[in-house]
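Full structure from sequences and hints, please.
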Amino acid sequence: MFRDALNILLPKVARCIDRLAKTAVLHKSLVCLARTHLQAAQPTTMGRRICMWLQDLLLDLENLERLKTYTMRFRGAKGAVGTQASFLDLFQGDHQKVIKLDELLTKKAGFQRSWSVTGQTYPRKVDSEITNVLSGIGTTIHKICTDIRLLSSFKEVEEPFETKQIGSSAMPYKRNPIRSERACSLARYLMHISASTISTASIQWLERSLDDSANRRIVLPEAFLAADACLILLQNITEGLIVYPMVMKANLDAELPFLVVERILVKMVSEAAANRQECHERLRQHSHEAAAEIKLKGLKNNLLDKLLRDDYFAPIHSSLPTILDPSYMIGRAVEQVELFLETEVDPALHPYKDCLQLASSITI
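Just so you know, we're using full-length UniProt numbering here: the sequence shown kicks off at 1 and counts up by one.
No lab work stands behind these hints: they were computed from the structure. Just so you know, nobody snuck in bad clues.
Below, in silico cross-link-like pairs of lysine-lysine (DSSO-like), each with a Cα-Cα straight-line distance of 27 Å or less: (1) LYS249 to LYS295; (2) LYS155 to LYS295; (3) LYS97 to LYS108; (4) LYS155 to LYS297; (5) LYS143 to LYS22; (6) LYS68 to LYS125; (7) LYS107 to LYS125; (8) LYS249 to LYS300; (9) LYS306 to LYS267; (10) LYS143 to LYS174; (11) LYS249 to LYS306; (12) LYS249 to LYS267; (13) LYS68 to LYS107; (14) LYS68 to LYS353; (15) LYS249 to LYS143; (16) LYS306 to LYS295; (17) LYS22 to LYS353; (18) LYS164 to LYS174; (19) LYS249 to LYS174; (20) LYS174 to LYS155; (21) LYS68 to LYS108; (22) LYS100 to LYS68; (23) LYS249 to LYS297.
Here the structure is a predicted model, which is why all the values come from computation and not from measurement.
So, in structure tokens, the structure goes:
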């Protein structure tokens with residue numbers, strides 16, 4: 001049962017990776033504002049940001065594959081407490097026949113290996129391993145969909161929105177990210193479900209107690225169902241994800257003068273032989289004045305105008321357009337996207353190449 005369930009989830013994770021990889025390629029050079037602490041940080045690219053999501057999904061794919069190929073073993077013919085005593089009696093003390101029976105049953109059930117040592121059941125820690133991996137999928141999806149919700153509030157990206165979809169019954173202009181919200185709601189449930197199987201594994205008395213049974217009959221199916229629902233939602237979102245480059249540019253431009261202050265400082269010191277401390281102080285004063293005018297008066301960022309009016313910065317006035325070009329501030333973002341997709345994403349998707357075409361459809 002678990003094997004079959006894993007075989008259902010694996011291609012769904014692969015399809016989510018495939019859709020995001022295509023979007024990352026498309027926007028690998030699209031410069032946008034990176035945010036740390038939800039505050040303006042430095043420029044990055046949308047493709048580079050998507051690759052951070054992809055990295056987590058790749059870990060989930062690897063963990064699912066590990067579960068399927070390594071963790072999922074057959075209990076085998078082990079008897080009431082795992083010692084195989086009844087089978088040894090059956091075969092009149094012939095240990096090799098007991099071993100052979102175990103091997104035959106394992107292969108008959110479609111497994112490559114059985115557990116060497118068990119109690120009355122297979123190790124219940126396996127259940128916790130399964131739900132930990134499924135919870136990890138929930139963690140990834142919650143992170144991705146939370147990011148989409150945040151970026152949606154900045155109007156930089158948008159999840160699919162149907163032509164006649166109602167964003168709010170009271171506010172007709174609203175375009176609430178309900179798919180991402182639904183995914184986060186389900187993912188939050190999935191993230192916490194592993195606590196139950198961890199507890200169950202920890203209280204299996206000696207060779208076995210029955211207080212695992214009722215719990216796992218509820219928890220394990222629900223974990224797989226929740227993971228499946230989350231992946232269906234994520235695939236649907238990623239297949240129709242909308243990116244707004246002009247809004248990204250506007251949001252970046254609003255912060256850009258602050259983001260280049262360090263570059264200005266370096267250029268003044270290296271090319272104009274300015275005193276670093278004096279230059280730092282002037283930049284600090286101008287930056288704080290510009291920030292205060294934005295916050296208190298609602299003005300646009302006029303830091304650049306202040307620097308152009310200050311003769312102290314005259315040696316670099318002609319260089320300011322180049323300094324302000326964000327494409328010089330993204331480091332190896334584009335190259336990182338290309339390398340990551342080529343060396344990690346593409347090889348991971350190769351085993352699933354025949355099942356990537358299926359689209360995801362949901363009802364709103």
